[in-house]
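Sequences and hints are given; from them, build the entire structure.
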Amino acid sequence: MSDITNSELDRRSLLRRTAAVGFASIPAVGMLSACVGGGGDEENEQATGTKSADNPLGIDPKAGIEIVIFDGGLGTKYATDVDTPMYTKKWPESKVTYNATEQIATTIKPRLNAGNAPDMINNSGADMMDFGAIVKAGQAADLTDLFAAPSFDVEGKTVGETLVPGAIEQGTYDVEGGRKPFAVNYSFTVFGLYYNKKLFEKNGWTAPTTWADFTALCDKIKAAGITPFAYAGANASYYMVRAIMTSAAKIGTEQVLKDLDNLKPGAWQAPAIKQAAEAWGQIGAKYMNKSFLGLRHTEVQLQQNQDKVAIYPCGSWLENEQAASITPNFEYAVMPYPSVTASDQLPATAINAAAGEIYFASTKGKNVQGGKEYLRVMLSKAAALEFTKLTKSLTVVAGAADGQTISPGLTSGNDMLSKAGKDVFMGYLWDTWYKKMNDASLEAVNALMFNGGDAQKFCDTMEKVAQEVAKDSSISKNTRA
Amino acid sequence: MRHGKYPFIIGFLAVPVALYAIFVVGAYLQMFRLSLTDWTGYGTFKDIGFDNFVKLWNDPVIWTALRHNAYLLLVMPLATIAIALLFAFLLNVGGGSKGGMTRGVWGSKVYRVVFFFPQLLALALVAVIFQRVYGPDKSGMINGLLPDSWEPWLFLADENWALTCILIVLVWQAVGFYVVLFSAGMGSIGQEIYEAAALDGANRITLFFKITMPLLWGNIQVAWIYLGIAAFDAFALVNIMTVNQGGPNNSTQVLSMQIYLNAFKYSQAGYASAIGVVLFFLALSFAWLTLRVTRRDSVEA
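As they're listed, the protein sequences go chains A and B.
Counting from 1 along the first sequence, just add 599 to a position and that's the residue number in the numbering used here.
Counting from 1 along the second sequence, just add 447 to a position and that's the residue number in the numbering used here.
Derived from the structure by calculation, the hints contain no laboratory data.
Please note that a few of the clues may not be correct.
[As the list claims (entries may be wrong)] Chain B side only, calculated, beta carbon under 10 Å to chain A, not exhaustive:
(1) 487
(2) 491
(3) 583
(4) 585
(5) 690
(6) 693
(7) 697
(8) 709
(9) 717
Treat the numbers as computed from the prediction; the structure is a model and nothing was measured.
Beta carbons are placed, not taken as given, at the ideal position from N, Cα and C, and that holds for glycine.
Written out as structure tokens, the structure reads:
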């Protein structure tokens, strides 16, 4: 999510980076090698203490910790005003050294490679580090003991038991010796079709549950002179990828997506994927125009706020991101993706919701256990609630924000989540595991949506890329069960 | 005097040479070294010989990028130099001569400043501005100026024209600097030469091709090399302006973008370094070839 919420920062930091890259880009490549440090398999000295019921992670109460927070769309207040005070209250002698940056990779990567990293790192934003590569290089700490430790403020439960399903899985990677969790994906995003509740009420439009209803609604919206559906092809095509993936999972269950993640041959040719691509391709051909291919997410989202676009596929960060553009006539609401066929395996209420925003403890820090303890504090119910209040984002701590009224969009998302019941699926991970495949999907989905909706071509292109990735030994692989 | 010469020279040279050695030569050496490894950018790496270069040879996207760089290399310097020469000529000589002094067209002093404006803007700003100029719907500057009944032009969203849109921005941004460079060059051409030619009945076109161009040859050569190297880059514009960083459908993909994507997004720093090595040799051979091919006997002034 941070990619989008922080896109303005992205642009700003880009200005600076471009200035640094300057005339010829070649020296820039040289620069990256400035952080070649062998990467060190050598163990650095770690502060440790004695494990006890009060100190389940066995931290040294006197050793300080260093944390780095990404200064972006979520702000840093939750860390400085909530998490750190809670940590210091529990461990008064452990000094918290805090830094915030917009440029995670630029500041942290050299330190990881040099073996003197901060203990807890928030890896996020446009300049985030490839987390899979960090795990592979042994630079992220195994968090098994954190998730098995008792919760900070929920009696009788471990940290892992207080989280929403799929939260740990999202940060789990294949390493030597099995699958282990390495990241806390802290924020929890629900995905769906966002619309202006007031506009819909004014026109008597209702949220469709079947595809026939959906296209009928689109016809009505079009007749009213509004673009029924849109996404930004220039930099936010992955919203559309997610739409197709979600529909595919509803047609053929999450297994369809797991097969994609596992690079199973023929996975992209599965009927569910093709049906989903076909259905959405038709929406693209009938209800969008080509100019959206050249627009950015901010431009399309603004058009929606001005009621020029009716339905927009996005995640629950949208409302916070658009806060400045919302007028009194606009109130965000969200609906699940309509069923594509009558024989969809998941009900129309099923939704995709996923954990995001990586926090990890670094093995190259001086106080790894302390870093994990900080994460345990963050995963407390009290800290999670404050986070939601400050950022209008849900967290992976289950039910932490229940009964709170924070904003209409968030409430609508929370309703959708509770209506979905057990039919909430985590989605897919191939886009973060295999960046190359992700980039290919952005191009493929744009071709599908703007060039006439050739679903077979979409499946063929993606199948080819997936098999190339599978064969490329230089790309480290992950699997999902 | 002689006594203090070496400490003096060394004192002045040591710092720049050290900086150059560490941040340029050192970086290049590391790049050459890394191009032979499978380094992801994190942790340790192992040597894999020339595998990266084999992979590069077989990578269709690299060839697409190379073709686009070649297109920029052919058109960008030519267009920029032609436009800059024309403007510089108009600013300096275009107004004809009066009282034995050649002069520029009316208002040339103002134009001279205005032409330089684009050069003052950071390239990234230029990119953001032109993104709006090229807006693919009615909110775009150009489309906003077109009659309402016209279908909006897609510009960067059109596979066939996206790269040309980038090219136009590159030229627009570069022209000002070369106008100034050529103006300075023209300023150093003696008035008596123009005067003599004018006496022989030469018109403005003849003046330009027979007098100005040959005497400016050194400047043009330098401009050609600088612009050529800039054409190998184009990173900032492609990164900021284009659909999906190099799209749609790789239609604006360039080598520098491929380096960036592989190094920072795909965690293939070794492979990115290999592309860097290729780019290094391409730029080097371009500069060498340009100097070779354009070498002329200097015109006696």
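Hint by hint, here is what the structure shows:
1. 487: It holds, given that the least Cβ distance between residue 487 of chain B and chain A is near 5 Å, below 10 Å.
2. 491: holds, 4 Å
3. 583: holds, 3 Å
4. 585: holds, 9 Å
5. 690: Holds - the Cβ of residue 690 of chain B comes within 10 Å of chain A, reaching about 5 Å at its closest.
6. 693: holds, 9 Å
7. 697: Check passed: Cβ of residue 697 of chain B comes within 7 Å of chain A, closer than 10 Å.
8. 709: Constraint on residue 709 of chain B satisfied, holds at 9 Å.
9. 717: It holds, given that the least Cβ distance between residue 717 of chain B and chain A is near 8 Å, below 10 Å.
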